[in-house]
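Please model the entire structure based on the sequences and the hints provided.
Protein chains: 2
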Amino acid sequence: MPETAKTARIVQTQYFSFESLALENGKKFGPVILAYETHGELNKDKSNAILILHALSGDAHAAGVHEGKNNPGWWDSMIGSGKAFDTDRYFVICSNVLGGCKGSTGPSSVNPKTEKPYALDFPLISIGDIVNCQKRLIDFLGIEKLLTVVGGSMGGMQVLSWLVKYPKEIRSAIPIATAIKHSPQQIAFNEVGRQAIMADPHWNSGNYYGSSLPAKGLAVARMIGHITYMSDVSMTEKFGRQKKNNGQNVKFSADFEVEGYLRYRGDNFVKRFDANSYLYITKAIDNFDASGGRSLQEVLEGIKAKVLVIAFKSDWLYPAYQSKEIVKACKLSGIEATYCEIDSTYGHDAFLLEVEEETHLISHFLKKVFYEYEVTGEYEI
Amino acid sequence: MPETAKTARIVQTQYFSFESLALENGKKFGPVILAYETHGELNKDKSNAILILHALSGDAHAAGVHEGKNNPGWWDSMIGSGKAFDTDRYFVICSNVLGGCKGSTGPSSVNPKTEKPYALDFPLISIGDIVNCQKRLIDFLGIEKLLTVVGGSMGGMQVLSWLVKYPKEIRSAIPIATAIKHSPQQIAFNEVGRQAIMADPHWNSGNYYGSSLPAKGLAVARMIGHITYMSDVSMTEKFGRQKKNNGQNVKFSADFEVEGYLRYRGDNFVKRFDANSYLYITKAIDNFDASGGRSLQEVLEGIKAKVLVIAFKSDWLYPAYQSKEIVKACKLSGIEATYCEIDSTYGHDAFLLEVEEETHLISHFLKKVFYEYEVTGEYEI
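Read top to bottom, the protein sequences are chains A and B. First residue of the first sequence: 1, per the numbering used here; consecutive thereafter. First residue of the second sequence: 1, per the numbering used here; consecutive thereafter.
Calculated from the structure, these hints are not laboratory results. Quick reminder that beta carbons are idealized off the backbone N, C-alpha and C, glycines included. A few of these clues could be false.
What the hints assert, rightly or not - Only part of the chain A face toward chain B is listed, based on derived beta-carbon distances under 8 angstroms:
(1) 16
(2) 244
(3) 292
To be verified - Calculated Cβ distances over 12 angstroms to all of chain B for the following chain A residues:
(4) 14
(5) 45
(6) 111
(7) 224
Put into structure tokens, the structure is as follows:
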């Protein structure tokens, strides 16, 4: 039975730290703190752990609420008792990414050497670096093999990175609405967002901590994002050409509902996200290539993990053909892969909104993987 | 035989002015200057005149070169001896829009009352106002009936406006890659561009003339535009994930070719376009509704002009379904309308690039309309 608001589970953010991380570019970086939250209980043989991987603007708070607050996590509809990631059955973990601004070490963190925020002294990071940090957390939690790794968008890139880097440490992988690598169009949208941030004089080459924030630039970046997260159809259904009755008669104010929505989302984002994190994380996304320049088929050869790939028909930011490329590489390499294209009008946002369809697909997939484990007992400690 | 660069026709910008224009919002505005250029000769009975209508960033310089310069017009591939708009046969006119910054009166023009640039004292204008100015120019040239009005994107909106406002003054109309009205997604892209401009502190509520320009904001707006003008496929073909070998090792510099291209196009645009014109013109586009809230079918009832509608398969900014809506309204109202969807990968830019296909379609359509006129002699003076 799904939880109601009243019975929503209280969760607490926890922190795991380690001294040093070998970055994929060969440099060392540290110390690293990861903010994470967990849901459910790890079973005796530690075979029921699921790692949830968040998208660009997500965080460790994937489900439940914080004590005294009323802020359900970003995937609360999917994680909980009786939900897709059933916390009565599974142990669910979600950590904020390296480079983020929600408790994990990122450009807004204080550099212990200078006692000032890193700003642009923070190293360029990769999706692989983000995943290597998560692996340290999983090791720390004493989990040798994850039941699954799952995420949408940038979360899906982390899923693919786990699959390639740690194939023996996962039983399955669920990449949702994602790509093996960004197309130039996807890079272009991120780049314009970065340009908008860096065009803001308050950005000041990244040194804005403790003074005015590059709020307008970050808001523009977020507005561009929001357009790409919705579909032509979902925007038409939500806003049409409805005008705002704002009583104002100011030139170039928000006349249309859609304009008001974008401004609201842009301004709100500034309150909860760090502009430098936006630069670092989007750059990591753009540079990501799951197969490292080789063919993905070749890279996946011999991997035993099962894969469920989900795409959405109206998602034009991560079009279904990119998900099909993942499936094709899996199939050619001999991986047992299932593909489902959900007929949604929500565009890229669908991975957060198509709860019923996703629940159906994911809960069955997980039970199958979990049950097979139980029967074969392949992984005993 | 197409002209070569050496034999390119020299054209000169001309100016037409009038004292006062009744704006569609009921207010009066003036004086108005329109910059325009012409190609070919008006025939004796003035039946061979074609009005070319430019898009957002276009101008009166549609073809040929200016004396001592090497700058072919924006549709030079389509206008000239032996081309789609054959200047051996037709008299071709193109004027810069009201609100523009290429010789016609716009926000950067000097307000004779204050002897300072209008800036935001310039009135909000509509596509209808732009067309009413063109009508004054056509009257001034002594042309009672145009052979055709033609344009892509915002040019196509002017075509539709001509069709609705002056159906008896045109024999045909060719709207290309356009829409009856903007969808919320189209409004959203324009709105983010406007926000980027207004976020630039140099914009200074529009009062930047004679001091620093809102160059970074306008560049970001243009970059967003360029993404929407291309297709996923054309970007992949043109750039792939090719990296720039720029010798730099600066964080968040342009690593990918596509990033370098966007920055170049953005920075270049600033040299040739006025940020306030960008605001006014995009707002006119967003507010445009060819049917004024009624059904287009109803509005077009009884119109005799023939219509050729052209769309492009990969154009996701002005998707083909929007062109089909125009065709449907024409058909239902009894207008003789032809629809062609060109199988191009160029995206919205296709209307400037698919010269061969467009030449084939347009030259045949024009000959038919022109020849019918010659035979029936319906319009004699």
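*Can residue 244/A be said to touch chain B, with a Cβ gap under 8 angstroms?*
12 angstroms, violated
*Non-interface claim for residue 45/A versus chain B (Cβ beyond 12 angstroms)*: 43 angstroms, holds
*Does the nearest C-beta of chain B fall within a distance shorter than 8 angstroms of the C-beta of residue 292/A?*
12 angstroms, violated
*Does the claim that residue 14/A lies outside the interface with chain B hold up, using a Cβ gap greater than 12 angstroms?*
Given a closest Cβ separation of 31 angstroms, the condition holds.
*Close enough to count: is the Cβ of residue 16/A nearer than 8 angstroms to one in chain B?*
27 angstroms, violated
*Does residue 111/A sit more than 12 angstroms from chain B, CB to CB?*
15 angstroms, holds
*Can we confirm that no CB of chain B comes within 12 angstroms of the CB of residue 224/A?*
5 angstroms, violated
Taken one by one, the earlier hints fail for this structure at numbers 1, 2, 3 and 7, listed in ascending order.
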